[in-house]
Amino acid sequence: MSEMLFDIFEPGETPLPHAGDEVAVGIDLGTTNSVVAISRQGKPEVLRDDKGRAIIPSVVAYGRDDEVIVGHEARNLILDRPQDVVSSIKRLMGRGIEDIKAVAGQLPFEVDGDATGMVRLKVAGRTLSPVEISADILKAVRAQAEAALGKKVPKAVITVPAYFDDAARTATKDAARLAGIEVLRLVNEPTAAALAYGLDQGAEGLYAVYDLGGGTFDVSLLRMEKGVFQVKATGGDAALGGDDIDHMIAELFLAERGVTSLDAGRVKQALMTARVAKECLTSRSEGEWMLEFDGKVSKHALSRQTLEAMISPLVERTITICRQVLEDAAALPEDVKGVVLVGGSTRVPLVRKRVAALFGTEPLANINPDEVVAVGAAQQAEALTHGSDTLLLDVTPLSLGLETMGGIVEKVILRNTPIPAALAQEFTTYQDGQASMMIHVVQGERELVAQNRSLARFTLSGIPPMAAGAARIRVTFTVDADGLLTVSACETTTGVESQVQVKPSYGISEEEMAEMLKDSLEHAKDDMAARLLAEAKVDARRNLLAVRAALSHDSDLLSALEREGIDRAIATVETACEASDREAILASAEALETATKPFAEKRMDRGIRKALAGVSMDSLEKRVGE
Amino acid sequence: MDHFQRLGLMPGFDVDQGELERHYFGFQRRLHPDRFAARSAKEKLMSQQQAMALNEAYETLKDPLKRAAYLLKLKGRKADAEDGAKPADSALLMEQMEAREALMEADSAEQVQAILARTESDIAFAVDDLSQAFAAECLEGAAKLVMRLKYLMRLSDEARGRKSRMTRGTL
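Protein chains in written order, with the working numbering: chain U, 1 to 626; chain B, 1 to 171.
Calculated directly from the structure, the hints in this document are not laboratory data. Don't take each hint at face value.
[Said to hold, decoys possible] With a straight-line Cα cutoff of 30 Å, these simulated DSBU-like cross-link-like pairs (lysine-lysine) come out:
| id | chain 1 | residue 1 | chain 2 | residue 2 |
| --- | --- | --- | --- | --- |
| 1 | U | Lys602 | B | Lys75 |
| 2 | B | Lys42 | U | Lys537 |
| 3 | U | Lys411 | B | Lys66 |
| 4 | U | Lys155 | B | Lys44 |
| 5 | B | Lys42 | U | Lys152 |
| 6 | B | Lys44 | U | Lys151 |
| 7 | B | Lys44 | U | Lys43 |
| 8 | U | Lys173 | U | Lys155 |
| 9 | U | Lys353 | B | Lys75 |
| 10 | B | Lys44 | U | Lys152 |
| 11 | B | Lys42 | U | Lys597 |
| 12 | B | Lys144 | U | Lys411 |
| 13 | U | Lys173 | B | Lys73 |
| 14 | U | Lys411 | B | Lys73 |
| 15 | U | Lys226 | B | Lys44 |
| 16 | U | Lys602 | B | Lys44 |
| 17 | U | Lys173 | U | Lys537 |
| 18 | U | Lys411 | B | Lys44 |
| 19 | U | Lys226 | B | Lys66 |
All chains should be built: construct the whole structure from the sequences, respecting the hints.
What follows is the structure in structure tokens.
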């Protein structure tokens with residue numbers, strides 16, 4: 001809790017309190033499939049079910065009586081009970097009804113037309129948000145991990161497409177919370193894959209990760225060097241993936257059959273057949289498939305050549321995005337030492353051919369492309385809980401900005417800025433005596449607000465009367481290490497302030513979240529109060545440990561009076577932790593923090609001076625040596 | 001703490017990219033939020049602030065234009081490039097208008113490439129000149145060069161964009 005705990009450690013010896021027994025896994029929450037892995041003593045292992053299967057299809061079937069089935073079994077129900085089964089829900093994470101209108105006709109879901117904010121689906125008589133459905137998948141993933149490990153798995157690194165916007169990232173984190181998982185970090189999928197490859201092969205130099213999953217496409221360029229994975233540029237399309245190939249094939253088959261209008265169930269059946277056809281054509285050059293419904297069987301022949309002609313525009317789109325990313329990183333294709341393939345859709349031969357042609361090198365796929373992201377996530381989970389020598393330095397995929405006069409976007413954080421990042425921009429009022437200012441936060445690369453994604457709106461009010469142009473409104477954008485944005489605004493001449501966790505537009509409100517959590521806890525028969533109390537105690541004890549450690553190193557920075565105050569605060573926390581009053585524990589922890597604040601600042605100064613002194617010496621020696 | 005101090009570098013326009021990165025990575029290894037994931041919320045926040053400051057310093061110092069503008073600011077002189085109200089000198093404006101016109105009229109990838117190559121060499125010269133201006137503590141000259149560099153960088157961006165659109169056949 002206190003800044004004094006902040007310490008500067010030598011690389012590789014970051015001490016972590018109570019790290020020993022923590023179990024943290026890596027979860028690849030995919031559009032089509034999910035995978036969970038763990039890394040122990042640097043050795044990653046994919047966690048399988050009792051039948052030895054690593055993959056958990058990201059498919060959920062809802063039945064009567066609160067029945068929820070996830071995975072292989074749910075996928076098998078698609079043909080029998082198509083109306084109860086949801087797949088590819090990831091494509092709707094953080095989406096509003098407006099976003100999906102264009103594609104709604106093709107989606108095998110019935111969408112709730114009245115929904116405001118995030119889209120809702122109507123399944124088996126229920127109305128569910130993508131967050132709740134993803135949470136059901138995560139619960140199943142967690143259960144598979146717990147069964148394989150024989151212990152509780154409360155924490156995880158969860159991967160998201162690099163190109164996921166803020167709304168989709170927030171939705172993913174909400175889903176994890178709903179599933180009872182503490183998210184250690186959201187890590188970008190290509191970055192996780194690079195981590196798995198880099199650590200595995202000791203790769204050095206500039207690498208491209210080409211990740212074509214079920215519903216998303218990402219490409220990242222990373223420099224790997226001595227344990228540092230530095231993302232140079234990233235790009236992608238959050239609505240482009242293997243699903244689109246399935247749709248093309250399904251549409252072809254249905255057209256051949258002469259079907260014009262369809263219900264969601266028939267669409268799902270056709271999509272399943274299409275997927276089988278696509279997978280067959282990765283190894284065979286032609287084949288024939290059948291569609292059977294409404295008492296009619298139709299046969300559909302398809303060759304790889306025809307398929308490739310059909311999907312070629314889609315593959316070219318990914319290649320164009322790769323070129324853009326190279327440009328953003330000021331690199332040429334020949335600078336790239338290797339290309340890593342990720343995602344089941346990279347099994348499509350045309351994809352491999354085009355990627356190899358662009359980069360002039362045969363892509364690497366020696367780690368199973370379905371599992372590589374989960375493996376990298378597991379390695380990062382271990383690094384975050386047990387310390388590590390490697391370091392991931394990632395970037396924001398999309399520019400973040402504000403609406404200004406005339407609906408023009410003023411970018412505050414440009415895409416490919418290293419995160420965490422905080423940048424501020426000053427604006428002013430345009431009317432005399434203007435008392436409030438509307439702040440509209442958008443994400444995207446286009447010039448006009450309407451062409452970008454709207455993330456949130458809030459109002460800075462209470463600006464004292466001033467002439468137009470006299471007020472100084474400083475808007476600060478903060479992107480944390482998970483890629484999540486917070487925006488705050490402040491009138492600097494008077495200090496009037498306003499802050500938002502960017503969430504509302506397409507997210508779930510705090511009230512909705514509380515309601516859902518309550519529901520899920522009731523189902524799990526979990527005791528919320530007990531959990532909160534336990535958390536408060538753990539956090540307070542963790543702080544006590546750190547305070548004591550700090551005192552043992554740097555107590556010389558304290559006056560006798562200061563020391564006495566800290567000792568008293570420590571005693572209060574200890575007493576509070578013995579009892580079961582959460583409020584008292586929180587209050588005592590707060591008091592300890594206040595008591596240690598000046599000490600923390602002095603230690604911070606000392607720490608940084610020490611670190612800087614070390615570096616300057618080091619660089620001085622190098623200069624002398626040169 | 002200024003960006004140079006933060007990264008343990010001597011303040012000045014000439015920055016060794018290798019040294020800059022070594023220091024940046026070294027500090028991030030110690031201060032990045034990933035090192036504090038299992039710690040308390042306050043510690044996480046502090047580490048985030050440190051990492052943000054390091055990122056900002058790195059982004060500023062690795063780019064010659066940003067570095068020069070920042071250095072001018074440190075020395076108490078606002079770069080003209082940052083001062084929207086002040087017009088650039090007319091010779092520079094004329095030169096850049098002509099270069100832009102040439103770029104718009106270029107209708108083959110080769111022509112665009114020639115403009116791009118020339119602009120990039122102009123950029124290299126401007127960076128050299130900046131180095132000398134700062135070495136001589138000639139801030140007036142450095143401010144002018146920052147302005148020039150800003151125009152040149154924008155021109156090379158446009159040329160690069162136009163070239164890639166041409167080679168992709170979407171123009």
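Okay, the hints, checked on the actual structure:
Using a Cα cut-off of 30 Å, the hinted pair U/Lys602 and B/Lys75 holds, with the two alpha carbons roughly 29 Å apart. Pair hint B/Lys42 plus U/Lys537 holds up; C-alpha atoms about 16 Å apart against a cutoff of 30 Å. Restraint check: the Cα-Cα separation between U/Lys411 and B/Lys66 comes to about 17 Å, which is no more than 30 Å; the hinted pair holds. The hinted pair formed by U/Lys155 and B/Lys44 meets the criterion: a straight-line CA distance of about 17 Å does not exceed 30 Å.
For the hint linking B/Lys42 to U/Lys152, the alpha-carbon distance of about 27 Å falls within 30 Å, and the restraint holds. A C-alpha spacing of about 27 Å is found between B/Lys44 and U/Lys151, which places the hinted pair at or below 30 Å, so the restraint holds. The hinted pair formed by B/Lys44 and U/Lys43 meets the criterion: a straight-line CA distance of about 27 Å does not exceed 30 Å. Between U/Lys173 and U/Lys155 the CA atoms are separated by roughly 12 Å; this keeps the pair inside 30 Å, and the hint holds.
Between U/Lys353 and B/Lys75 the alpha-carbon distance is near 54 Å, which puts this suggested pair outside the 30 Å criterion. With a CA separation close to 25 Å, the supplied pair B/Lys44 and U/Lys152 stays within the 30 Å bound. Between B/Lys42 and U/Lys597 the CA atoms are separated by roughly 11 Å; this keeps the pair inside 30 Å, and the hint holds. A hinted pair counts as satisfied when its Cα atoms are at most 30 Å apart, and B/Lys144 with U/Lys411 qualifies at roughly 26 Å.
For the suggested pair U/Lys173 and B/Lys73, the alpha carbons sit about 41 Å apart, so the restraint of at most 30 Å is broken. For a cut-off of 30 Å, the pair hint linking U/Lys411 to B/Lys73 stands: about 22 Å separates their Cα positions. A C-alpha spacing of about 25 Å is found between U/Lys226 and B/Lys44, which places the hinted pair at or below 30 Å, so the restraint holds. Among the hinted pairs, U/Lys602 with B/Lys44 is consistent with the structure: their alpha-carbon atoms are about 18 Å apart, no more than 30 Å.
Among the hinted pairs, U/Lys173 with U/Lys537 is consistent with the structure: their alpha-carbon atoms are about 24 Å apart, no more than 30 Å. Between the alpha carbons of U/Lys411 and B/Lys44 the distance comes to roughly 27 Å, so the proposed pair stays at or under 30 Å and holds. Distance check on the hinted pair: U/Lys226 and B/Lys66 sit about 28 Å apart at the alpha-carbon level, within 30 Å; holds.
When held up to the earlier numbered hints, the structure conflicts with 9 and 13 and fits the remainder.
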